[in-house]
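Visitor: The primary structure of each chain is shown beneath.
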Amino acid sequence: MPLSTFESIEATLPPKWLTRLESLVAHIPARPWGSPGYPLVITSSNFGIGHILAYHDSKVDEHLEYAQAHTSVEKICKHFGWRHSASILSHACVSADVGMLHASRLLHKGAAREVLVFSFDFLSPFVTGGFHSLKILNSAYPAPYANQENGSIGLGDGAAFVVFSKETARFRISHQNLANEMFHMTSNQPDGAGFRNALSRIASDIGPTRIWVKGHGTGTLDAGKLEAQAVAAVLPEAPLVSWKGGIGHTLGSCGLVEINIAMEAMIHGQVPGTVGTTGPTWDPNVRTQPFATREFHGAVLSSNAFGGAHASSLLTDTSLVD
Amino acid sequence: MITRYIHSIQTTGPFENIDPALVKEFKSGFPPLAARRMTRLALLIGKCLDGISILPDDSVIYATTFSETMCLEAYLDSFPNPSPLMFQNSIHPSGLEQVLIARQQPVSEFLPFAGRRHVMHAALIAACTTDKARQWVIASEEQGTWLTEKGCGSPTDFAFCIGTSDSPEQAIGKITWDPEASDASPDDLLAISTFTLFQHASARHKVASYCDSLGRVLIEWIA
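Chains A and B, in that order, are what the protein sequence lines are. Residues 3 to 324, numbered by the working numbering, are exactly what the first sequence covers, in order. Residues 812 to 1034, numbered by the working numbering, are exactly what the second sequence covers, in order.
Looking at chain B on its own, in the form it has when it is part of the complex (with noise of 0.2 Å):
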């Protein structure tokens, strides 16, 4: 079992058809020449991403399932000149590397998963496999248009990031990782996704997962 201890939950959203106004609002929080080119999950992510420090030799875990929709839906309109600006921010994963290159924020370790039925899962047991003593769990997604129709983005916008260290002291929860576990419990959430734990996590609910041939990840909370 490796445990770690969550010190912070920073939320932002959901936001369904999310109002211009908000995220020009989440422009101000950085230069106004990175802002104009940063898309709206970046911006959903700096925004859920104010006040936290995170420091050069901190672990930085990242998923998303759908990732940058609205810019993927803009470079495809760009053929067949595509373009530059938008094929760049389309690449995974984009959407927090805006924020940290905006921030001029150095990382030694940045991992950042994709995929649907585990890809929560798989970045709690990152943060619970490194090295790292301070680990930041981030995910987002932002809504598309006629990519969200097809089933392909997200259906809301949201943001989340859970703080995570090796030390107990003044921990508000901890995360679990049993890589031993090889069934799952009647309890087990057998898929997690980003909104799944959005909305956990939000609502500071145990949740356990299990994966086969990745174990139980458990998330408590300290009252």
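In isolation and in its complexed conformation, chain A is listed as follows (with noise of 0.2 Å):
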């Protein structure tokens, strides 16, 4: 069930995909990025990519100045008045778990005041015909860790932005984990040992400390049933969630929508429930339902992706911690 935002997924010249990106980028915080001090890490798992098929079936050279990621960074930075000095990361969905990691690195090692990590994922043919053809996306709507006999995912259009900082701000990130299974390219270890030592580190980095996990629920059946075992064991106390039923999976974008729908859930108190699962859960810790966020001291944010690959975070208010 592709779940675009926007009313066709089909490539437009100019790209609309960057016209949208320009009610994101007016709330980003009026920096020189891209200039000493402030880099920039751009992350997605698609660029633009969606111009390539375009460029394939309609022969318009113009397509390819838009169809990869170094061109399609280009574009957007000169678009936004930004230096072209980025560092680009993609890892499928994961992409921009990952670029958070790596901004992390940049502002700790003293290579910047802020750093802007940004992140970016549209729909296209290209992307929606590959996951039909994996047979993963039907034409139901997913119901992330419901336990039923078949699994669906929806695809969604996403961007995201987030300025990491060394001085305090209401919200902090920490305890950044990746991890690899490196089983298979489009699926995990099927005893669920891969989640598992994922999860474990994170948790056993944070200790006894009261958390709800936003995982990354596709709505897919058998990484979906293993994700949630594995929070239950390894984080018993912790109430799961995904927001893919609502919002769609946003690909490579995925884990920077989703910080910023976490804080949000923070300020507001109230953390949303798996929307799109009814009935039996893999596991009692998924909540259906939303749930107030008074009694827990933060959320482990993780995401997947092809190839076995986890990414993990630990998401504090500091208003309620420090």
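In short, the hints are calculated from the structure, not lab data. Even glycine gets a Cβ: it sits at the ideal position worked out from N, Cα and C. One thing to keep in mind: the hints can contain errors.
[As the list claims (entries may be wrong)] Derived BS3-like pairs (lysine-lysine); straight-line CA-CA distance at most 25 Å:
| id | chain 1 | residue 1 | chain 2 | residue 2 |
| --- | --- | --- | --- | --- |
| 1 | B | Lys943 | A | Lys77 |
| 2 | A | Lys80 | B | Lys961 |
| 3 | A | Lys111 | B | Lys985 |
| 4 | A | Lys18 | A | Lys111 |
| 5 | B | Lys985 | B | Lys1017 |
| 6 | A | Lys61 | B | Lys943 |
| 7 | B | Lys961 | A | Lys168 |
| 8 | A | Lys137 | A | Lys227 |
| 9 | B | Lys943 | A | Lys18 |
| 10 | A | Lys80 | A | Lys137 |
| 11 | A | Lys111 | A | Lys168 |
| 12 | A | Lys77 | A | Lys61 |
| 13 | B | Lys943 | A | Lys111 |
| 14 | B | Lys1017 | B | Lys961 |
| 15 | A | Lys80 | A | Lys18 |
[Said to hold, decoys possible] Residues of chain B clear of chain A, computed beta-carbon distances all greater than 12 Å:
| id | residue |
| --- | --- |
| 16 | Tyr816 |
| 17 | His818 |
| 18 | Ser819 |
| 19 | Gln821 |
| 20 | Asn828 |
| 21 | Leu833 |
| 22 | Lys838 |
| 23 | Ala846 |
| 24 | Ile863 |
| 25 | Leu887 |
| 26 | Gln899 |
| 27 | Thr967 |
| 28 | Ala982 |
| 29 | Lys985 |
| 30 | Pro997 |
| 31 | Glu1031 |
Put the complex together from the two separate chains, hints included.
Guide: Below, the structure is given as structure tokens:
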């Protein structure tokens, strides 16, 4: 079930995704991004890849100016007046998480006063065709962690940013972790060891902190079951939610889109439940209804990707814990 | 300043119009079932990593500008019935992932970079910023057909792997990152592509690159 936010996923010239980003970029603090002290980290799993299929079909050369990682980022930097010195990272659906880890390191190693992490993923026939070919995109709406016979994912357009600073701010990201099973291109170790190992690392780091978990939860059956069971085994006190039933899977940008939702949840004191899931779930920890944040010190945010990639981090609201 | 010491460098290529017999030879390093599904880019990387033992706690840093060019062409040609294998293999960073999956080699830290002008600059900085004791900087490109003609693919096939660590013992070179450098010096490269670094590293040439907001990276070799 493709859940594009916008009317059409066909590539246009100029790209409508570039125009769509304008309203997001308007919220980015004014800094000399890309200049000394203010590095840029740009991530995506798709960049402008939809334009390469558009070129293949139309032979209109202009599509190629947006089709690749470096050309689409050059266009973005030029469009928004950023100096093009961006570090570009792409690791399928953990792209944004990997970008945030790299940004943290730039900050902590003294390369930056602030780092802008920016991510964008817009649907295209290239991407939806690929997911359809993998037989995980069907007519059903996604129901993450639901104990049912068939799974389905919903794809969504997504773009988001965060600004990392060493200055004290309301929200703190810490304990950033990566792990890669390298078991199979599109599946995880069937015994769930990959999920458990990845979660165990952050669980041991954070100790007995009261947290909730924002899982990856795309709506696929096997990965959803493994993830829910791993959370229950490693973080048995933590409620688990996924929001992809509501916003779709925003692919490489999901980590950045969802950290923004998590911060909003903390600001408003209420965590959205697992949208789209109504029946029995793979584990009782899965919360389908909203719940209050006041009992929790923070949230573990997890993302997964092809190749058995895992990323997790701890988001804390310093106004509550410091 | 942060320094990483270079302990090994392995290269494959460059090849222009690579002999298919050589590609077939590269397959011999993998189980037949895996090799049959692997892309040429993955096989190039696999050949380059021959004999290299990546440990689960190492940092693996991958850089490519054009990524899976041949696979991408095949995926595009498969429409309107898109190929699932070509789709999954076309996704960055599939080239190195295919190799590590064929080896069943889990890694705790995998940082895949894309881009062109600063792709190697950023990847080398990643080697300098990780907390892992050993780092592998791996880069590769493959020649395409119409994508290369259109400037969207590499004109040659090549791969290289630079092994680094925190330890100066038995080092053959070093990478130094100065994050505070705020101006380019006359000898600095202002762009360092995968192929540029392949050439410099293969020849053990000293190379310095500068990037606004990311400082200077210097690679020096010990005689």
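Visitor: For every hint, state whether the structure bears it out.
Guide: The hints, checked one at a time:
Restraint check for Lys943 (chain B) and Lys77 (chain A): the C-alpha separation of about 34 Å exceeds 25 Å, so the hint is violated. Taking the CA atoms of Lys80 (chain A) and Lys961 (chain B), the gap is near 22 Å; set against the 25 Å cutoff, the hint holds. Between Lys111 (chain A) and Lys985 (chain B) the alpha-carbon distance is near 18 Å, which keeps this suggested pair within the 25 Å criterion. For the hint pairing Lys18 (chain A) with Lys111 (chain A), the CA-to-CA distance comes to about 37 Å; that exceeds 25 Å, so the pair is violated.
With a C-alpha separation of about 10 Å, the suggested pairing of Lys985 (chain B) with Lys1017 (chain B) holds against the 25 Å cut-off. The straight-line distance between the Cα atoms of Lys61 (chain A) and Lys943 (chain B) is roughly 46 Å, outside the 25 Å bound, and the hint therefore fails. For the hint pairing Lys961 (chain B) with Lys168 (chain A), the CA-to-CA distance comes to about 43 Å; that exceeds 25 Å, so the pair is violated. Note on Lys137 (chain A) and Lys227 (chain A): the hinted pairing holds, with a Cα-Cα distance of about 18 Å set against a maximum of 25 Å.
Between the alpha carbons of Lys943 (chain B) and Lys18 (chain A) the distance comes to roughly 41 Å, so the proposed pair goes past 25 Å and is violated. A hinted pair counts as satisfied when its Cα atoms are at most 25 Å apart, and Lys80 (chain A) with Lys137 (chain A) does not qualify at roughly 38 Å. With a C-alpha separation of about 11 Å, the suggested pairing of Lys111 (chain A) with Lys168 (chain A) holds against the 25 Å cut-off. A threshold of 25 Å between alpha carbons decides the hint, and for Lys77 (chain A) with Lys61 (chain A) the separation of about 20 Å falls inside it, so the pair holds.
Our distance criterion of 25 Å between C-alpha atoms is met by Lys943 (chain B) and Lys111 (chain A), whose separation comes to about 14 Å. In summary, the hint linking Lys1017 (chain B) to Lys961 (chain B) is not supported, as the alpha carbons are separated by about 32 Å, beyond the 25 Å threshold. Using a Cα cut-off of 25 Å, the hinted pair Lys80 (chain A) and Lys18 (chain A) holds, with the two alpha carbons roughly 16 Å apart. For Tyr816 (chain B), the non-interface assignment is confirmed: its Cβ lies about 17 Å from the closest Cβ of chain A, beyond the 12 Å cut-off.
Separation of His818 (chain B) from chain A is adequate, the least Cβ-Cβ distance of about 22 Å exceeding the 12 Å criterion. Residue-level check passed: Ser819 (chain B) sits 21 Å from the nearest beta carbon of chain A, beyond 12 Å. In this structure Gln821 (chain B) is separated from chain A by more than 12 Å, as the shortest Cβ-Cβ distance comes to about 20 Å. No beta-carbon of chain A is positioned within 12 Å of the beta-carbon of Asn828 (chain B); the least distance is around 23 Å.
Non-interface call for Leu833 (chain B) relative to chain A: holds, since the shortest CB-CB distance, roughly 25 Å, exceeds 12 Å. No beta-carbon of chain A comes within 12 Å of the beta-carbon of Lys838 (chain B); the shortest separation is about 17 Å. A cut-off of 12 Å between C-beta atoms confirms that Ala846 (chain B) is not in contact with chain A; the least separation is 14 Å. Distance check for Ile863 (chain B) against chain A: the nearest CB is about 15 Å away, which clears 12 Å, and the non-interface claim stands.
Separation of Leu887 (chain B) from chain A is inadequate, the least Cβ-Cβ distance of about 4 Å not exceeding the 12 Å criterion. For Gln899 (chain B), the shortest C-beta to C-beta distance to chain A comes to about 5 Å, within the 12 Å cut-off, and the non-interface label is violated. Look at Thr967 (chain B): its CB is around 18 Å from the nearest CB on chain A, clear of 12 Å, so calling it non-interface holds up. Non-interface status of Ala982 (chain B) relative to chain A is upheld: no Cβ of that chain comes within 12 Å, the nearest being about 21 Å off.
Distance check on Lys985 (chain B): its Cβ is at least 17 Å (rounded) from any Cβ of chain A, clearing the 12 Å threshold; non-interface status holds. Even its closest Cβ contact with chain A, about 18 Å, leaves Pro997 (chain B) beyond 12 Å, as expected for a residue assigned away from the interface. Distance to chain A confirms Glu1031 (chain B) as a non-interface residue, since its nearest Cβ pair spans about 20 Å, more than 12 Å.
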